[in-house]
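Colleague: Sequence:
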Amino acid sequence: MEKYVRRNIARPDSAMIAQYAALDTSTVYEAQGRTGLMNHSLKPVIEGRAICGPAVTAICHAGDNLMIHAAIEVCQPGDILVVTTIGESVHGMIGELIVRALIKRGVQGVVIDAGIRDAAKIRELGFPVWSKAIHSLGTTKTRGGWVNAPTVCAGVQVGPGDLLLADDDGVVVVRQEDLQTSLEAAQKRVQKEEDTKAKIERGELSLDFYGLREILSKENVRYFED
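Note that our numbering has the sequence shown beginning at 3, numbered continuously upward.
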């Protein structure tokens, strides 16, 4: 298969990104039919951060970060770099120097289905990263791969320009062709949750407004006073 770097990709418009940025990963995941959620193995290096933006993908060989360096050049402000590897890898594929280069390019953050290192420095820089490992194991820069090719990251298909949201609860992907429908569903879910909060504030019980008493009865759950 021919290796390549694709310089130009279609990205969601800024208005669409801004609307998604007001949402959290759980809401979007639920709204789009419980799809697009990456494996729980990906953890935030800095908790309490949230990012939302288009994906630039880099497919590397395990233990080699050449294509990350190639991806830096094509990243634009607001992008999220998504890194996958051919073969399992916990190598420190990204460290302080690469992060500094990404910051210079205006990249929002990194989602990497492999390892990173220099974690303390990355935290000092305040740069959001979601990875499956933190490990000092070093890398080479000798093997070609792909930039802005479709890939699978932590069990989810990601295409260049797809929208990513990442926060403390995980990482979710919205395909470009689903952006409008998923957004509308997510906004309806937000309104529904606001209505539910109001019911809770009025003292109503979830057993009642979710209709759960009938389910308890069907499951033959008995109540005892003591």
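A few of these clues could be false.
[As the list claims (entries may be wrong)] Derived SDA-like pairs (lysine to any residue); straight-line CA-CA distance at most 20 Å:
#1 Lys123 <-> Gly50
#2 Lys134 <-> Val92
#3 Lys194 <-> Arg177
#4 Lys45 <-> Ala135
#5 Lys134 <-> Lys106
#6 Lys201 <-> Lys220
#7 Lys45 <-> Val92
#8 Lys45 <-> Lys106
#9 Lys106 <-> Gln78
[Unchecked claim] Simulated restraints on C-beta separations:
#10 Arg215 <-> Met3: 26 to 32 Å
#11 Lys220 <-> Met3: 49 to 55 Å
#12 Thr142 <-> Glu32: 38 to 44 Å
#13 Ala20 <-> Arg107: 27 to 33 Å
These are calculated hints, taken from the structure and not from any lab test.
The C-beta atom is built at its ideal place from N, Cα and C for all residues, glycine as well.
Colleague: If a hint holds in the structure, say so; if it does not, say that too.
Modeller: Evaluated hints:
no.: 1; hint: Lys123 <-> Gly50; result: holds, 17 Å
no.: 2; hint: Lys134 <-> Val92; result: holds, 7 Å
no.: 3; hint: Lys194 <-> Arg177; result: violated, 24 Å
no.: 4; hint: Lys45 <-> Ala135; result: holds, 8 Å
no.: 5; hint: Lys134 <-> Lys106; result: violated, 24 Å
no.: 6; hint: Lys201 <-> Lys220; result: violated, 25 Å
no.: 7; hint: Lys45 <-> Val92; result: holds, 13 Å
no.: 8; hint: Lys45 <-> Lys106; result: violated, 24 Å
no.: 9; hint: Lys106 <-> Gln78; result: holds, 10 Å
no.: 10; hint: Arg215 <-> Met3: 26 to 32 Å; result: violated, 57 Å
no.: 11; hint: Lys220 <-> Met3: 49 to 55 Å; result: holds, 53 Å
no.: 12; hint: Thr142 <-> Glu32: 38 to 44 Å; result: holds, 41 Å
no.: 13; hint: Ala20 <-> Arg107: 27 to 33 Å; result: violated, 20 Å
Checked against the numbered hints given earlier, this structure breaks hints 3, 5, 6, 8, 10, 13; the rest are met.
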